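Colleague: Spelled out from the first residue to the last, the chains are:
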Amino acid sequence: MRATESLPRKGLRHVMADLFRPGGARILARTPDPSPIHGRSRIGAGTGGILPLRVEGLCYRAGAVEVLREVGFTLEKGGPSLIIGPNGAGKSVLLRLLHRLLRPSAGQILWGTPEAARRQAMLFQRPVLLRRSVLANAAYPLRLAGLGRAEAMARARAELAQVGLDGLADRPARRLSGGEQQRLALARAAALQPEVLFLDEPCASLDPAATRAVEEIVQALAARGTKIVMTTHDLGQARRLAAEVLFLHRGRLLEQTPAARFFAGPESAEARAFLRGELLW
Amino acid sequence: MTASDTNCQSGRVQDLASAFATALGLVATADPAVMRILLLSLRVSLTALALAALVGLPLGALLAVARFPGRQAVLVALNALMGLPPVVAGLLIYLLLSRAGPLGPLGLLFTPTAMVIAQAVLIAPILAALSRQVLEGLWEEYAEQLRSFGAGPWRAVPTLLWDGRFALMTVLLAGFGRAAAEVGAVMIVGGNIEGFTRVMTTAIALETSKGDLPLALALGLLLMAIVLAVNALAQGLREAAAERAG
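Those protein sequences? They're chains V and Y, same order as listed.
The letter at position 36 of the first sequence is residue 36 when you use the working numbering, and the numbering goes up by one with no holes.
The letter at position 4 of the second sequence is residue 4 when you use the working numbering, and the numbering goes up by one with no holes.
None of these hints come from the bench; they were simulated from the model.
This one's a predicted model, so the numbers in the text were calculated from it and none came from an experiment.
Idealized CB from N, CA, C, for every residue including glycine.
Do not rely on the hints blindly, as some may be mistaken.
Stated by the list, open to error - Incomplete in silico selection of chain Y near chain V, CB under 8 Å:
| id | residue |
| --- | --- |
| 1 | Y94 |
| 2 | E140 |
| 3 | Q145 |
| 4 | R147 |
| 5 | S148 |
| 6 | F149 |
| 7 | G150 |
| 8 | A151 |
| 9 | D163 |
| 10 | E194 |
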């Protein structure tokens, strides 16, 4: 399979056959490419390619607990995909599996190209900021990806301006407020120009104003063509952002529905109960 | 030692105050013999610290991020090496550097270089073990994010060393304190040769065995003052830098 080809839909048997072709196995989450990124190819590499993302029979066990069971779906290019569901549904684990921070117990995560790992970024619930200045934080992944110092700094400054933090560039990052920290994390992720951006409850510990600021940035990124894949337990946020909804419940994907249709009336009884606020876990 | 003749009359002085006076006298007159000993002490211990840091800190960082079979055993061994007796470290280096030893032809035995090597060997495990401890907490916080950025363990090492720099300053001070305070290793590989390999601790040991307790005590006070000054300087630098970097 060539790197630039997008994956057509095909059955498991064909996918298995792909594994035995040269380079085929690299598209599997089970065999992540552990080598660090060299060269500059990672940054802004191409305009398309890693989507659609196809997930088949994804399972994740932690000890005896089945966190995810037989989850399968396809993510296409387009508006934000919001993963919602009650606590413990497996939302965060699903994001970490897709981003290769965890290895699935079974199942496949198939990206359009083998370079997929380099064209995605992830934002965590609590932003992990380095003990450096705001600017140095934003430039760090760019330097890691092989950009020269001057170029990385310039790009980082531009991204900071996008999120309104250019005035704080020289401040220690960890002295920022919670909202500013999450905006910095967004700018840092955006600087990588990822095709897909995963966000794990980015507003869970923010006040309404900071939440709104983060949502605006997320919408701007989506408008810029970045595929947003985000978990939230905030239904209002899901309504504001989602183009489609993936509803998870107890480790199963119960539905993947366009947002308008989901909020008008979900197909599954569990999702209906969740929307009424009656499904707590 | 000439200082003993000028600064202290015969017999013992029980009073700590006279030791203080002697110490002040040594500083005030800038006794050349004492200053030489003091400077050699600083030179040897700081060079040993730099060498040990070059090996110990990256090793500690690597142990903080790496997961491999037998890691626990390595950590236990490393922690145990923190208790390595200076005389044993000195003895090992002595065996290596003595005429018949594998590094004998270098002719390093009873030179300041040999003392640097012995102290570096003594404190490298301390730096590695303590920095591993300090950086492991940082790695727990950073691990997911760095992996998300595509940084493997090797790339994480310099990041952790830089971001943990303030905590590592304390680790370095612990190593420096250990090096400056030990007497066994430098005595064995240095030989306490006056004007060449005599340092503060070996001078103190010598004056004590000669019975010149006030001078020994005065040298001890001087050594403690130097260690205090180094610590204060490091603390000041750390505060100033932390203020800027958060």
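Colleague: Where does the structure disagree with the numbered hints, that is, which hint numbers, in rising order?
Modeller: Violated: hints 1, 2, 10.
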